[in-house]
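A.B. asks: Here are the chains, one letter per residue:
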Amino acid sequence: MHAFVGYLVSGLANGSVYGLLAMAAILVFKASRTANFAIGETGTFSAFALYAAVVTVTRLPYWVGLLVALVAGAAVALATEAIITRNVRSALLVLIGTLGISDVITGINTVLWSKGEPYQEPSFPQLPDVSLGGVGISGQYLSIFAAVVVICLLLYFLLEHTGFGLNVRAAAEDRDLAALAGVNVRRCVMVMWAAGGALAAVAAVLVAPLSALNVGLMTPLLFNGYAAGILGGLDRLPGGLVGGLGLGVASSLIGGYISSTAEDAILFAVLIVLLSVRPNGLLGRRVVQKV
Amino acid sequence: MAVARRRLFIAALAAVCLGATACTTTSGPGGSAGDTVGITQNSIKIGTSMGLTGPTAAEATAALHGAQAYFDYINDHGGVNGRTIDLTALDDGFSAAQTVTNVRRLVQQDNVFSLFYLWGLNNTVAALPFVKQSGVPLIGPQAPTSAVTDPVIPNVFLMEPTFNDEAAVCAKQLADSSSVHKLGILYENDPIGQDALKGAQDAEGHLSKPMAAKVAFTSGTPSFTGQIVSLRQQGVDGLIIFGTNPDIVNIAKGISLEGWHPALCGSSNVFDPTFLTISGKDLNGLNGSLGQYLPESTEPGIVTYRNRLKQYFPNEKATVFGVQAYGEAEVLVHALRSLGKNPTRAGLLNALNSLTDYSSDTLFPVSFTKADHDGVSQYRLVKVVNSQPQFTSGFLSNDNLFGNG
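Those protein sequence lines, which keep their order, are chains A and B. When we follow the numbering used here, the leftmost residue of the first sequence carries the number 623, and every step to the right adds one. When we follow the numbering used here, the leftmost residue of the second sequence carries the number 865, and every step to the right adds one.
Accuracy of the hints is not assured; some may be wrong.
Pair ranges (Cβ atoms, derived) [claimed, not checked]:
id, chain 1, residue 1, chain 2, residue 2, range
1, A, 722, B, 996, 29 to 39 angstroms
2, B, 1066, A, 891, 25 to 35 angstroms
3, A, 845, B, 952, 33 to 43 angstroms
4, A, 809, B, 1175, 51 to 61 angstroms
5, A, 775, B, 1167, 57 to 67 angstroms
Listed next, the stretches of chain B that the computed footprint assigns to chain A, with coverage defined by at least 3 CB atoms under 8 angstroms from CB atoms of chain A [what the hints assert, rightly or not]:
id, segment
6, 912 to 920
7, 1079 to 1091
8, 1112 to 1120
9, 1138 to 1145
The list that follows gives simulated cross-link-like pairs (lysine to any residue, SDA-like), each with its CA atoms no further than 20 angstroms apart [unchecked claim]:
id, chain 1, residue 1, chain 2, residue 2
10, B, 1117, A, 746
11, A, 737, B, 1160
12, B, 1145, B, 1249
13, B, 1078, A, 887
14, B, 909, B, 940
15, A, 737, B, 954
16, A, 737, B, 1178
17, B, 1062, A, 883
18, B, 1117, A, 749
19, B, 1046, B, 1098
20, B, 1078, A, 886
21, B, 996, B, 961
22, B, 1181, A, 678
23, B, 1078, A, 880
24, B, 1062, B, 1262
25, B, 1078, A, 624
26, B, 1117, A, 747
27, B, 996, B, 1236
28, B, 1145, B, 1121
29, B, 1078, A, 883
30, B, 909, B, 965
31, B, 1145, A, 761
32, B, 1078, A, 888
33, B, 1062, B, 1267
34, A, 737, B, 1142
35, A, 737, B, 1141
36, B, 1117, A, 756
37, B, 1117, A, 750
38, A, 737, B, 955
39, B, 1117, A, 761
40, A, 737, B, 1180
Calculated directly from the structure, the hints in this document are not laboratory data. A virtual CB, placed ideally from N, CA and C, is assigned to each residue, including glycine.
Bound-form chain A, shown alone (with noise of 0.2 angstroms):
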């Protein structure tokens, strides 16, 4: 039982992290029908800004400093729309264009923050440590769960029960038609772009201070938030939850009680299986196209 409570524990803590960037898959491919995978990247760099901010460059508090986090990780979005969307139009090009603009990222992280990394990130304000089960669990982890339920509460809210939601996912189902009604189409993709990136700016100043913060800290994450996102389906927001905390727990149990070693290879073998019965994932929903 102890062992148990351990790994669900660890699962649901980096279930929490895949959530989270599923769920900024979901935006970006909600808005777009593409994939961006420079999240990774936008989140390292946005990690570094608020390390910029509280502890190199200006000594603000940490909330202003996450603030600064946020706003770097939207425009870096905002500039990966605006670079790759607006020139090209195939969703294919444009997840490959992604994948050129997190190369580019990486080269900045590198010329401004590789020449003494590694650093400590400061701490999101956490929870106090508990102990369940007689398992220390860290209030970072508690806060990183905290943190990833309620974004997805709030973003749940705003998509299916505001108005704003409304246009967004008329302009997901059918761009012209939705211009047409008046949705600004451009506008909504813009905003969901731009809360993707916050979205994994927060994953990563999370995770950060977990180890050290340095250039790589978010390429190990991406290829399983963008699972968890497949996982619990891409259309809707609360698949990323589902799909990050189901990943991240099978995954902590394979590990214990199956292969550590095979771990991974186990894990997609099932999510393979799993997602040939349930193509949209485990949340999504069938889409039927009139022909």
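Based on the hints, put chain B in the right spot on chain A.
C.D. replies: Here is chain B on its own, set in the frame of chain A:
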């Protein structure tokens, strides 16, 4: 039809070109035609590929500056038998595929006499088939894995203990501790971790305590609580940890959070002052071993290293990687000097193969034979005290730690 013929012609031409390339690069170690490539009247051209951008840029740059500080010093003092050392460093962004491309370019286009260093275990391993085939000497890759030394590759010389050796030393060190009853290993699920796992497993026959648990982890994972709780539940009280530095810091924090106090032993890369600083007190008590002097020690050779670093790269910090590369540069220069006025690749390989207990400023004595290209076989045990690494033993070797078995 014409198009098909043209394609056939191009394919045939490509095959001929590829064949020609293969022929020029298969002279093997000590081959003759290209034996003095890269040697001019005034210079000796050597080349390296490093992740000067990307996730390990800071460490790689520190290593490059360490080596370059030594070469600059030598060049400012007359060079090697009248020739300067001309180091070409290409950036591979820590991508193994780019390392292979860079190494090919250094050998086939830039015509270097010898390859030096190469940054990264996976990067070096990816380039090994070409290096082996080309016969061009590769001196001191930053790839402490038994894949580089076992079996011996005639033109490749390693100058640091492998992760395999370090893990074996860790296992023995912990097993000999009276406070440890069961050992465990937590290793990164990649070639670094696999090499360490093999070392620990190979040492099991020499241990007085059982290896109770072997658990892998994925690098970059935010939480390691599951692995930590599992190891603790299996009664492990002596834990070997092998992985990248940020992961080790995160694991140490997790162990501390659990209120668990196993004896710890880890890979030597974590003894870098920067990482020990940011890890706070969580890594205090961590054991390990090193095949080089500590970057902040007062050993005369290290003081010399720091002075030269300050002279040529005033903004660079002394790091374990800088210490390593500086010492390897010294070994290369020593071997080149011994060749006199007419250096050849074959001569360089022979000089290195007969190097015995060479004392550089920063590395422990380096020796090679034709049958053993793992040059640093001596190490000292290290422990982190107050976030600083300290030697806790004199010079040791596997023979006196494990006996002759």
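A.B. asks: If a hint holds in the structure, say so; if it doesn't, say that too.
C.D. replies: Hint-by-hint comparison with the structure:
1. Restraint check, residue 722 (chain A) to residue 996 (chain B): a C-beta distance of roughly 34 angstroms satisfies the suggested window 29 to 39 angstroms.
2. Take residue 1066 (chain B) and residue 891 (chain A): their Cβ atoms lie about 31 angstroms apart, and the range 25 to 35 angstroms holds.
3. Restraint check, residue 845 (chain A) to residue 952 (chain B): a C-beta distance of roughly 34 angstroms satisfies the suggested window 33 to 43 angstroms.
4. Take residue 809 (chain A) and residue 1175 (chain B): their Cβ atoms lie about 57 angstroms apart, and the range 51 to 61 angstroms holds.
5. Take residue 775 (chain A) and residue 1167 (chain B): their Cβ atoms lie about 60 angstroms apart, and the range 57 to 67 angstroms holds.
6. Here's how the segment 912 to 920 of chain B fares: 4 of its residues keep a CB closer than 8 angstroms to some CB of chain A, so the rule of at least three is met and the hint holds.
7. For the segment 1079 to 1091 of chain B, the stated coverage by chain A is satisfied: 13 residues place a CB nearer than 8 angstroms to a CB of that chain, which reaches the threshold of 3.
8. Residues of the segment 1112 to 1120 of chain B lying with their CB closer than 8 angstroms to a CB of chain A number 4, which satisfies the three-residue condition for coverage.
9. Counting residues of the segment 1138 to 1145 of chain B whose beta-carbon sits less than 8 angstroms from any beta-carbon of chain A gives 3, enough to reach three: the coverage restraint holds.
10. Pair hint residue 1117 (chain B) plus residue 746 (chain A) holds up; C-alpha atoms about 16 angstroms apart against a cutoff of 20 angstroms.
11. With a C-alpha separation of about 19 angstroms, the suggested pairing of residue 737 (chain A) with residue 1160 (chain B) holds against the 20 angstroms cut-off.
12. Between residue 1145 (chain B) and residue 1249 (chain B) the CA atoms are separated by roughly 9 angstroms; this keeps the pair inside 20 angstroms, and the hint holds.
13. Between residue 1078 (chain B) and residue 887 (chain A), the direct Cα distance comes to roughly 18 angstroms. Compliance with the 20 angstroms bound is thereby established for this hinted pair.
14. As the CA atoms of residue 909 (chain B) and residue 940 (chain B) are separated by approximately 16 angstroms, the hinted pair is consistent with the 20 angstroms bound.
15. A C-alpha spacing of about 18 angstroms is found between residue 737 (chain A) and residue 954 (chain B), which places the hinted pair at or below 20 angstroms, so the restraint holds.
16. As the CA atoms of residue 737 (chain A) and residue 1178 (chain B) are separated by approximately 13 angstroms, the hinted pair is consistent with the 20 angstroms bound.
17. Our distance criterion of 20 angstroms between C-alpha atoms is met by residue 1062 (chain B) and residue 883 (chain A), whose separation comes to about 14 angstroms.
18. For the given pair, residue 1117 (chain B) sits about 16 angstroms from residue 749 (chain A) by alpha-carbon distance, which is consistent with the 20 angstroms threshold.
19. Between residue 1046 (chain B) and residue 1098 (chain B) the CA atoms are separated by roughly 9 angstroms; this keeps the pair inside 20 angstroms, and the hint holds.
20. Annotation: proposed proximity of residue 1078 (chain B) to residue 886 (chain A) holds, straight-line Cα distance about 17 angstroms (limit 20 angstroms).
21. In summary, the hint linking residue 996 (chain B) to residue 961 (chain B) is supported, as the alpha carbons are separated by about 17 angstroms, within the 20 angstroms threshold.
22. A hinted pair counts as satisfied when its Cα atoms are at most 20 angstroms apart, and residue 1181 (chain B) with residue 678 (chain A) qualifies at roughly 18 angstroms.
23. Our distance criterion of 20 angstroms between C-alpha atoms is met by residue 1078 (chain B) and residue 880 (chain A), whose separation comes to about 13 angstroms.
24. Between the alpha carbons of residue 1062 (chain B) and residue 1262 (chain B) the distance comes to roughly 16 angstroms, so the proposed pair stays at or under 20 angstroms and holds.
25. A distance of roughly 18 angstroms separates the Cα atoms of residue 1078 (chain B) and residue 624 (chain A); the hinted pair therefore holds under the 20 angstroms criterion.
26. Among the hinted pairs, residue 1117 (chain B) with residue 747 (chain A) is consistent with the structure: their alpha-carbon atoms are about 17 angstroms apart, no more than 20 angstroms.
27. Note on residue 996 (chain B) and residue 1236 (chain B): the hinted pairing holds, with a Cα-Cα distance of about 16 angstroms set against a maximum of 20 angstroms.
28. With a C-alpha separation of about 12 angstroms, the suggested pair residue 1145 (chain B) and residue 1121 (chain B) falls inside the 20 angstroms cut-off, and the hint holds.
29. Taking the CA atoms of residue 1078 (chain B) and residue 883 (chain A), the gap is near 10 angstroms; set against the 20 angstroms cutoff, the hint holds.
30. Between the alpha carbons of residue 909 (chain B) and residue 965 (chain B) the distance comes to roughly 18 angstroms, so the proposed pair stays at or under 20 angstroms and holds.
31. Annotation: proposed proximity of residue 1145 (chain B) to residue 761 (chain A) holds, straight-line Cα distance about 18 angstroms (limit 20 angstroms).
32. A distance of roughly 18 angstroms separates the Cα atoms of residue 1078 (chain B) and residue 888 (chain A); the hinted pair therefore holds under the 20 angstroms criterion.
33. In summary, the hint linking residue 1062 (chain B) to residue 1267 (chain B) is supported, as the alpha carbons are separated by about 19 angstroms, within the 20 angstroms threshold.
34. Note on residue 737 (chain A) and residue 1142 (chain B): the hinted pairing holds, with a Cα-Cα distance of about 15 angstroms set against a maximum of 20 angstroms.
35. About 16 angstroms separates the Cα atoms of residue 737 (chain A) and residue 1141 (chain B), which keeps this hinted pair within 20 angstroms; it holds.
36. Of the supplied pair hints, the one linking residue 1117 (chain B) and residue 756 (chain A) holds, its CA atoms being roughly 17 angstroms apart against a limit of 20 angstroms.
37. Our distance criterion of 20 angstroms between C-alpha atoms is met by residue 1117 (chain B) and residue 750 (chain A), whose separation comes to about 15 angstroms.
38. A threshold of 20 angstroms between alpha carbons decides the hint, and for residue 737 (chain A) with residue 955 (chain B) the separation of about 15 angstroms falls inside it, so the pair holds.
39. As the CA atoms of residue 1117 (chain B) and residue 761 (chain A) are separated by approximately 12 angstroms, the hinted pair is consistent with the 20 angstroms bound.
40. Of the supplied pair hints, the one linking residue 737 (chain A) and residue 1180 (chain B) holds, its CA atoms being roughly 9 angstroms apart against a limit of 20 angstroms.
Comparing the model with each numbered hint stated earlier shows that all of them hold.
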